[in-house]
Amino acid sequence: MVKSTLTLCHLYHRNMNIYGDTGNVRTLEYRLRARGMQAVVVQCEVGEPLPKDVDIIVAGGGQDSGQLLVEKDLQKKQRELTSMAEDGVVMLTICGTYQLFGHRFVTYDKQTIKGIGIFDLETRGSDERLIGNVIVDSSFGQLVGFENHSGKTLLGAQQQPLGQVVKGAGNNGQSGEEGAVRNNIFGTYMHGPILPKNPHLADELLTRALERKFGEVKLSTLPDLEEHAAAKIAKSRPR
Amino acid sequence: MVRRHIIIPSAKLLRHSLRIAGGHGSALPGRIIEKIDPRFLKHMLAPLPKGVVIVTGTNGKTTTTHMLVHLLRAQGLKVLTNPSGSNLTRGLISTIVEQSTATGKLPYDIAVFELDEAYAPLLATAVPPKIVLALNVMRDQLDRYGELDTTATLIAKAAAKAEMVIVNGNDALLLNKTKDHPQRYTFGLADGLLSQLSSEANLYGKQNSTNTPKIELNAKITSVSSSEEGMNYTVEVNDKVVKNTVPLLGIHNVMNGVAAVFTTSIITSNNDIATTSAGLKSFHPAFGRGETLRLDNKELTVALVKNPSGFTQNLATFVTPNIDAILVVINDEYADGRDVSWLWDVQIERLRKFKGTIFVGGKRRFDMALRLKYEDIAFKVIDTDNIEGLMKQVMQSKEWDGRLLIIPTYTAMLAIRKWLGAKLGGRHIW
Chain P
800 MVKSTLTLCH LYHRNMNIYG DTGNVRTLEY RLRARGMQAV VVQCEVGEPL
850 PKDVDIIVAG GGQDSGQLLV EKDLQKKQRE LTSMAEDGVV MLTICGTYQL
900 FGHRFVTYDK QTIKGIGIFD LETRGSDERL IGNVIVDSSF GQLVGFENHS
950 GKTLLGAQQQ PLGQVVKGAG NNGQSGEEGA VRNNIFGTYM HGPILPKNPH
1000 LADELLTRAL ERKFGEVKLS TLPDLEEHAA AKIAKSRPR
Chain A
1438 MVRRHIIIPS AKLLRHSLRI AGGHGSALPG RIIEKIDPRF LKHMLAPLPK
1488 GVVIVTGTNG KTTTTHMLVH LLRAQGLKVL TNPSGSNLTR GLISTIVEQS
1538 TATGKLPYDI AVFELDEAYA PLLATAVPPK IVLALNVMRD QLDRYGELDT
1588 TATLIAKAAA KAEMVIVNGN DALLLNKTKD HPQRYTFGLA DGLLSQLSSE
1638 ANLYGKQNST NTPKIELNAK ITSVSSSEEG MNYTVEVNDK VVKNTVPLLG
1688 IHNVMNGVAA VFTTSIITSN NDIATTSAGL KSFHPAFGRG ETLRLDNKEL
1738 TVALVKNPSG FTQNLATFVT PNIDAILVVI NDEYADGRDV SWLWDVQIER
1788 LRKFKGTIFV GGKRRFDMAL RLKYEDIAFK VIDTDNIEGL MKQVMQSKEW
1838 DGRLLIIPTY TAMLAIRKWL GAKLGGRHIW
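If you're matching them up, the sequences are chains P and A in order. Quick note on the working numbering: the first sequence kicks off at 800 and runs consecutively. Quick note on the working numbering: the second sequence kicks off at 1438 and runs consecutively.
What you were told as hints is all true, and nothing was included just to trick you.
Mimicking DSBU-like on lysine-lysine, the simulated pairs with C-alpha atoms at most 35 Å apart in a straight line are:
1. P:K1031 x A:K1829
2. A:K1817 x P:K1031
3. A:K1817 x P:K966
4. A:K1860 x A:K1817
5. P:K966 x A:K1743
6. P:K871 x A:K1616
7. A:K1743 x P:K951
8. P:K1031 x A:K1790
9. A:K1810 x P:K851
10. A:K1829 x A:K1860
11. P:K1034 x A:K1810
12. A:K1743 x P:K1034
13. P:K851 x P:K951
Partial chain P-side listing against chain A, Cβ under 10 Å, derived:
14. I930
15. F945
16. P995
17. L1024
18. H1027
19. A1030
20. I1032
21. P1037
What the hints contain is simulated information worked out from the structure, not anything from laboratory work. Glycine is no exception: its CB is placed at the ideal position from the N, C-alpha and C atoms.
Modelling step: build the complete structure from the supplied sequences, incorporating the hints.
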């Protein structure tokens, strides 16, 4: 097999993409293309089977109505997604799908939406909306994004966060933590979308996926002038 | 009563002194009066003989409000309206204070207010309106209001307080949320024309465009074509067929125009749609809605964007072979929305075939640059926060001549208007 192609699954694009999270897929495609490699992007909507031999799954945030549709479908895909997660498939889940990758989401009016438990966390709806620019220190470097959620996420005792909040609310506005990471599975509230302005995180995802598929990989450095300039300005903006 | 007599002159005085001090005295007097008398709005507006009309929705509020005011005035009515941009009840209060007589009366027949989705229900609760005109619900500045469902619910809440609601019959969310209203009228495009609207389906997972309930539109647009004068269209109202022209480009502006004509005919109980429609021909749009100005032997067309659907619609409407260069100016001030992630939902691939230079400016210029970069569309960043500096560089650029299409967000549009106004010798340009 030629070391050049990754299969990206864009999960629930139709129902879970209200904050431009498609930009994450565009970023991964671009960063492979810029290095002479390529991405095959497969859309997977509610009711459709997960594609075979996936290397990266990307899923976004949606409205409450979208989340309800996705809940049932995720339950059907739970076993397959869990085994993919154990198998090292790289996954990036944002906001609504991040919440549903936990154990459950208890809405503000006390309804329980079941998650698939890939992350050890649960989320509770609140009447407070956590909105604004966010800066997070993570082991992959500083990250910048925009959060917009009323769910408050509580991590289980063993669950690692993605990073520590420098500015913004993060998982729940109290813990000082943002997102979650387990093996190759990443979850975060950061829109923006997150990957265009955080190319180091994008490359981390690509490196993990390429190494899993092809063995050791050294990604060439890209100039990333606009990426860094955009991140710098975003970090300087009011909440 | 006594209280009101005292309040109005003092608010006027306060506003006057703020103006002298050189500030923008739009919000502050309103804030003070709101504290003094919460029933102020009702006291002032309830006596208007033809009541209050609220124009709300995501896109087209300013244009439709201006059209409606223009048409009502052509019918001889004295119309009170709020200046564009002061979308808040406080700005509204300032308008009322400024327009009231010393004895606290409004010498008008009717009030037509442009209000965004969050403020429409607040005013409607204070003063039950005669009509709520609901244009559409699309993604816009979600960092402020949350989600589309929430936005539609807010509009429905305002509509529920109104005697009548006039609603976009092509908008599934709005139709569903207003379906129980006892007096609802609809306007919109006939099925065959729907594909010409920039598709929300591609942006929002079809939640707001398919499964539209089948209804008979009260004002149905059956044909649309562009011409030198703007958009020619045919509309059917109560079995009458009328042909007319709206002096703006874009199919969405035909919808805005028909909404304004239909609302006017209901307010004035005038069934002569042809005569009412004809009033649109002399309408002048607000600044930034696609008009073209001349400067230094060049032509500038300014087309405001606030959200992905509007941006995509503007690309479809204004990127023509006549355009030699494009300048996109993206700001993230509060009035623009702090979140710029919506840029990724714009169908920017429409620019792939564009041959001229694409300049990128504004506070979040590099976010826009990334959007273009990942679609392999060439761009040139003008790396300054300063609008004057930006405009100077673009105007002096050797890379283009002829006609420039400027696509600014709201605060960028205001800054460009100010810059253009100064360039054109202080002339009012909206």
